[in-house]
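Here the protein sequences line up with chains A and B, keeping their order.
First residue of the first sequence: 1, per the working numbering; consecutive thereafter.
First residue of the second sequence: 275, per the working numbering; consecutive thereafter.
None of these hints come from the bench; they were simulated from the model.
Check each hint, because a few of them may be wrong.
As the list claims (entries may be wrong) - Short, incomplete list of chain A residues facing chain B, as computed with Cβ under 10 Å:
1) Ile-41
2) Gly-88
3) Ala-247
Note that beta-carbon positions come from the ideal geometry of N, C-alpha and C, so glycine has one too.
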Amino acid sequence: MNKKPTFSLALMYGFLIILLIVSLVPFYLMIINGTHNSFDIVTKLNLLPGYSLKDNYLTMQSHVNIWRGFVNSLCITIPYTLLSGYFGAMTAFGFAKYNFYGKKFLFGIVMASMMIPTQVTLIGFYHLNLRLGLLNSYWPFIIPGLANATTVFFLRAIVVQSISDNMLEAARIEGCSEGYIFNHIVLPCIMPGVFTMSIFNFVASWNNYIGPLIIMTRNEMYTMPVMIAMIKGLYLSNYGAMYLAIAISVIPIILVFCFFSKYIINGLTVGVDK
Amino acid sequence: MKRKTKYCHNRKWAGYLFITPFFLTFLIFGLYPVLYTLYLSFQKWDGLSAAKYVGWKNFQRILQDKVFYLSLWNSFRIWLFNFIPQMLTALFLSALFTFNQVKGMKFFRAVFYLPNLVTAASIGLLFNLLFDGNKSVMNYILVSLKFPGAPFSFFNSQVFTSGLVSYIQWWMWFGYTVVIIMAGITTIDSRIYDAAQVDGAGKTKTYLYITIPLIKPTLIYLGITSLIGGMQLFDVPATLSNGNGDPRKAVLTTAMYLYNQGFKNHNYGYAAVISVGLFFIIAVISAFAFKALERKGEMN
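Bound-form chain A, shown alone (with noise of 0.2 Å):
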């Protein structure tokens, strides 16, 4: 009777093990091989951590500044993660709680929006930057925080759900104005569901790569991903240079996966439960 479920107990188990196993291998070689000189990297298989972390970092900062790189990313993933959390929520507040004329029409565009692939208006994006003159500059991955479809998709369901009319007109009465009762009533309720869509623009804006590959033609305008990509054609042969510059693009996202992974879990659900 006990024997047959342990049984398939280990074998669960030890199932779940070997999926984590492969999910998480290629981070840990990574790490692994960003302490481990070349010539290491070649002639054996290394599964413990080495000593030449200072040389590999000393030889990637020869090669690329990569720290350049790194301020680059943030000066772009932060203001487009603040823009789009407060204007999603200010959009999602205007279309869920007031009334005029040809709304149905404009939430109708914020819908057709969310469907227009990135890839497809990509040279058209590229041609509006040119004759804007900011090529080479921040602003073409900024300002586009403004208007984020799908945060205000999501975020016009959560101020449905949890902002009364009753509340605003209570406001109201009180004498604030409209804009006061958003920045000090609304947002502030709302401040769980806007910190949710923020991570994912967060990751978002950081993992972009297609957009800053097109935008940014001087090297020392390179984001994280940009200056990756290209890394293999810098260093030649130094691999622990390569797996550490590798490792340094990913750490953040790492980071935010640690700290936040269960509000991630939830988010992804926001979409497709009823």
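Based on the hints, put chain B in the right spot on chain A.
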């Protein structure tokens, strides 16, 4: 409290005011690029001199362009060989997590999801390093295991390179699919399971014949969004193959072909028409998506 306004008059305008920043930005950064791409598909433009009207020439060219068709097939094939294993893995894991009290379920699920968040461009290069060359980590492991034929020149093989991109996509997405499928399963009324148990159905049978049919809308949603994403695949194959999609264009996706035509060869007009072609295909898929989701609405 501080400021007094005639809100009765302002109310309607406040609504417009709140949504104005979105729409101004959308007109410039969302709509203009789409319309300009469409306009440019009738032009010849090298990025420097003025664009020249060429009529339907770009369209005629793309219809006979073998590389374009190849790139569509590559994107689709890479998607298919990632999606089928991804669904099977996710359905199996969802069953494990639903019918068993798995200790640390949330931990397992979170770790399975992690690769989905990590920068795809970095992942492409990471796998390139792990496999490229006679002395790569993967070859080292295979040689020490005395695997016949090792070391391999992995990136000379079209089948292997394409398979590796599919594998990476599987690795990045199966955790996400588990989360979505499990969310679908929690919407099922538990009384249905009780009824199945009364009828004497085992766990496997219950899952195959009751759970899966009931979450079909979720599965369709996953399939279609995944296909739309798959047809736009760029980051992983681009960084894995140093941007050219080799060996022999085996992992040249449509998005990569578009990028290369535009930003490497400076054929912006032709790149625009590739965009239009890709957009057309994605629009057809999305139309199916709408139909499927409408059916989902009817069922609930």
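How the hints compare with the structure:
The interface hint given for Ile-41 (chain A) holds, since its Cβ lies 7 Å from the closest Cβ of chain B, which is under the 10 Å cut-off. At its closest, the beta carbon of Gly-88 (chain A) sits 8 Å from a beta carbon of chain B; the interface hint therefore holds under the 10 Å criterion. For the restraint placing Ala-247 (chain A) at the interface with chain B, the shortest Cβ-Cβ distance is roughly 9 Å, inside the 10 Å limit, so the hint holds.
Of the hints listed earlier, there is not a single one the structure fails to meet.
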